[in-house]
Amino acid sequence: MEYSAGVQMEVIVVDDGSTDGTVASLISAQWPYRLRIVQGGGTGAAVARNAGARLATGDILLFLDDDVEPQSGLVSAHAAAHMQGDGLVAIGDLPPVIRDPTLLGSTLRAWWGEMQSGIRRPGHRHTYRDLLSGHFSVRRIQFERLGGFDERLRCREDYELGYRAMAAGLQFQFVPQAVARHHDPTDVAKALRRKRDEGVADVYLLRRHPAIAPTLPLSKPWSYSRRERLLITLAWRNRTAGDAMARALAATLGPLQAVKLRWRWVASLETLLTYHYWRSVAVTVGSPAALQALLARAETVPQVPTPIDLAQGLDAAAAVLDSVRPRAGRFMLGTELVGDVADVPGEEPLRGVHLRPLLGTILRDSYLLALARTGRVPATLAPAAAPMISAADQKGGRGATAA
Amino acid sequence: MTAIREVELSAPLPELQDLAGYSRCMVVFRWHHQIVGREFVNVVAGRVSLPALQALAAGAPGREALSRWLDESLQHDPRAVVGPTPLTATVAICTRERPDDLRRALEALVALRHDGHELLVVDNAPAGDDTRRVVEAFPSVRYVCEPRRGLNAARNRALEEARGDIVAFTDDDAVPEPEWLGPLLDNFQTPRVACTTGLTLPVQLDTDAQELFESHCTFVRGFRRLVFDSTINNPLAVGPVGAGANMTLRRNVVLELGGFDERLDAGMPTRSGGDHEMFIRLLTAGHLIIYDPLAVSWHRHRRTHEELLDTVYGYGVGVYAMWTGLILERREIGVLKLAWQWFRYGQLPAAMGRHGGGPDAARLARAELRGCVRGPSAWLAARRLRAGGV
Chain R
0 MEYSAGVQME VIVVDDGSTD GTVASLISAQ WPYRLRIVQG GGTGAAVARN AGARLATGDI
60 LLFLDDDVEP QSGLVSAHAA AHMQGDGLVA IGDLPPVIRD PTLLGSTLRA WWGEMQSGIR
120 RPGHRHTYRD LLSGHFSVRR IQFERLGGFD ERLRCREDYE LGYRAMAAGL QFQFVPQAVA
180 RHHDPTDVAK ALRRKRDEGV ADVYLLRRHP AIAPTLPLSK PWSYSRRERL LITLAWRNRT
240 AGDAMARALA ATLGPLQAVK LRWRWVASLE TLLTYHYWRS VAVTVGSPAA LQALLARAET
300 VPQVPTPIDL AQGLDAAAAV LDSVRPRAGR FMLGTELVGD VADVPGEEPL RGVHLRPLLG
360 TILRDSYLLA LARTGRVPAT LAPAAAPMIS AADQKGGRGA TAA
Chain G
0 MTAIREVELS APLPELQDLA GYSRCMVVFR WHHQIVGREF VNVVAGRVSL PALQALAAGA
60 PGREALSRWL DESLQHDPRA VVGPTPLTAT VAICTRERPD DLRRALEALV ALRHDGHELL
120 VVDNAPAGDD TRRVVEAFPS VRYVCEPRRG LNAARNRALE EARGDIVAFT DDDAVPEPEW
180 LGPLLDNFQT PRVACTTGLT LPVQLDTDAQ ELFESHCTFV RGFRRLVFDS TINNPLAVGP
240 VGAGANMTLR RNVVLELGGF DERLDAGMPT RSGGDHEMFI RLLTAGHLII YDPLAVSWHR
300 HRRTHEELLD TVYGYGVGVY AMWTGLILER REIGVLKLAW QWFRYGQLPA AMGRHGGGPD
360 AARLARAELR GCVRGPSAWL AARRLRAGGV
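Protein sequence lines correspond, in order, to chains R and G. For the first sequence, counting from 1, position 274 maps to 273 in numbering that gives the first Met the number 0; every step adds exactly one. For the second sequence, counting from 1, position 65 maps to 64 in numbering that gives the first Met the number 0; every step adds exactly one.
Don't read these hints as lab results, they were simulated from the structure. C-beta atoms are modelled at their ideal positions from N, C-alpha and C, and glycine is treated no differently.
To give an idea of the interface, some chain G residues facing chain R are shown, with a C-beta separation under 7 Å as derived from the structure: (1) L8; (2) G61; (3) L73; (4) H75; (5) A79.
Let the hints inform the model, and build the full structure from the sequences given.
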């Protein structure tokens with residue numbers, strides 16, 4: 000790891016109660032930077048990170064997990080990002096290193112890849128879930144203002160901090176030059192344990208931030224497959240039967256893997272993960288009625304979308320977004336409705352950089368239709384646009400509404 | 000004979016004339032130089048009339064052009080990422096005893112527009128030094144001889160020799176357009192992308208055999224960018240992905256997976272299938288493959304019926320040889336279902352002449368079926384050959 004580039008750096012290792020000689024091995028080695036070691040009591044990552052932050056003397060706090068391998072240029076990339084302003088949450092790249100040749104390995108590669116694909120796209124609308132505690136940085140003063148990590152959480156403490164950072168108006172920014180390769184050898188048992196922790200954490204998140212509800216899986220029990228819904232019912236009503244079914248399902252993973260029935264394998268694994276999540280939600284909340292009561296607190300008046308007229312030109316429309324920063328937008332092309340972009344809890348307000356990617360993706364079809372209807376497509380392509388217009392007219396809907 | 004003509008959709012459409020002697024015309028539509036579609040149309044009295052051309056242009060090519068125009072006006076590019084990292088590339092041709100084809104291909108490669116890539120020719124088990132002499136005329140092209148016979152052995156040698164992060168393979172009978180490499184590389188900015196394929200069009204359709212190849216074995220996979228993802232698509236069904244004549248790979252990922260299977264493809268009893276086996280291994284490992292029609296290459300199909308039948312027979316051998324390996328070594332029993340579906344709904348009706356195209360098409364389908372029958376034993380033979388150190 001580079002240690003020059005004009006960045007003054009100290010390193011604080013918080014040892015959260017390990018018993019394998021981790022600390023001794025660190026003390027005996029030579030380091031080219033100031034290294035301090037804090038002993039924790041095995042009370043969880045949130046407590047450990049706060050303890051480290053309290054000791055820190057630098058202006059910028061850069062959090063890294065012990066299973067990441069920082070690549071050259073990481074520290075100076077974070078430092079450079081924070082030069083742009085003091086209200087920044089700088090999110091580093093966390094590419095997974097996967098050596099597992101089994102189905103779990105390829106599934107993890109796909110999951111990680113999907114999870115991280117959004118943040119790489121230009122004009123990504125950041126969400127609180129973009130903050131991963133394995134690799135991010137924030138100015139110490141901002142971290143202290145936020146009150147640090149919530150120490151009652153054993154996992155999802157990063158999401159929770161991200162949610163408060165977003166609410167406080169901090170600007171999230173992806174820093175692609177800061178790369179920490181993530182070594183995370185996992186297995187099915189570990190993944191299931193993790194899901195149980197997430198169930199507990201999500202209930203806590205819901206209690207602390209009711210408005211977060213629509214973004215949590217526990218708010219959408221209907222969104223699952225039939226088999227998953229059955230297991231969710233058992234998680235509430237009959238956990239003995241649910242556990243037995245889960246064990247039977249777990250026993251099918253080996254044989255399915257052996258004959259490479261990968262979709263069935265993935266479906267079985269996902270069902271198991273769902274059950275373990277909901278089982279711990281059920282144990283934590285007690286009853287479906289209690290969960291409903293918690294969810295009911297979340298219901299708020301939907302934001303009235305701010306009208307944005309694209310007929311003034313995209314640059315002008317982007318400038319409006321930058322000055323108004325609406326949470327929801329209604330995009331018009333003159334009198335043609337292009338579509339609505341809704342307010343999503345924990346997502347940043349709309350900015351100018353979001354406009355073109357929105358029009359190029361989720362609003363694409365309706366924007367093209369509106370352009371065609373208002374005679375804005377090139378003359379030589381008008382004949383190709385004509386069937387599109389008449390098909391839309393026949394359907395009766397003029398304009399579309401995006402979710 | 001089928002003529003090939005290009006039409007630019009950003010300008011008023013012309014009437015296509017000077018087509019005397021042709022019965023059909025393949026019209027390639029472009030929008031600001033990007034190919035957005037191709038359609039076949041009958042030639043009447045030596046020309047394609049303006050209304051006929053307008054009708055074609057208002058269909059799929061026009062819709063695709065609208066889509067490209069929209070991207071253009073929005074400066075929207077699905078390949079774009081925040082803070083792209085510079086990637087280096089090696090363009091490789093694996094060739095064997097086709098000096099004339101190779102010269103044409105190399106002329107295209109030195110005209111490629113992209114800075115910093117290297118050009119590499121792998122000469123596979125040559126009998127003489129014709130290939131080396133052709134390459135010597137191109138000082139910017141590196142020549143490597145791979146004595147072990149087989150296209151996949153040559154591809155592995157190319158991966159080994161390449162200095163680029165990305166290795167773009169093209170065939171000696173293909174001519175990439177100058178803009179070929181850029182869009183292929185842009186796709187690799189997404190870390191999960193391990194492979195891209197491009198649009199391969201016929202450069203001539205002069206003979207029946209070439210027309211037949213294009214109508215039954217075309218390399219064209221459409222004019223929209225496609226993402227292949229094993230969590231969405233069946234990773235064993237890689238026909239729609241493309242082919243090795245226009246294929247680009249992330250070098251370290253392929254090397255980690257052990258490189259190409261040297262028992263497969265040309266030069267081995269298995270005849271083909273090496274590219275598709277690689278696609279399957281990449282997809283099943285959770286990587287993405289992108290088909291990007293912005294990367295255009297023009298392919299010279301074989302001219303005679305004998306060559307065509309032999310090629311198609313070779314495809315049949317390769318598919319079944321590859322599947323044999325997948326079942327025996329990787330327990331991919333999903334192959335059985337694919338094989339049945341292909342036979343029941345594709346090959347059998349085609350061999351019986353029910354898919355149209357007349358007796359020639361049925362003959363082609365039967366040649367492919369004969370190849371399939373040979374496939375499993377070809378795979379076993381290739382395994383013995385490689386085990387014997389060939």
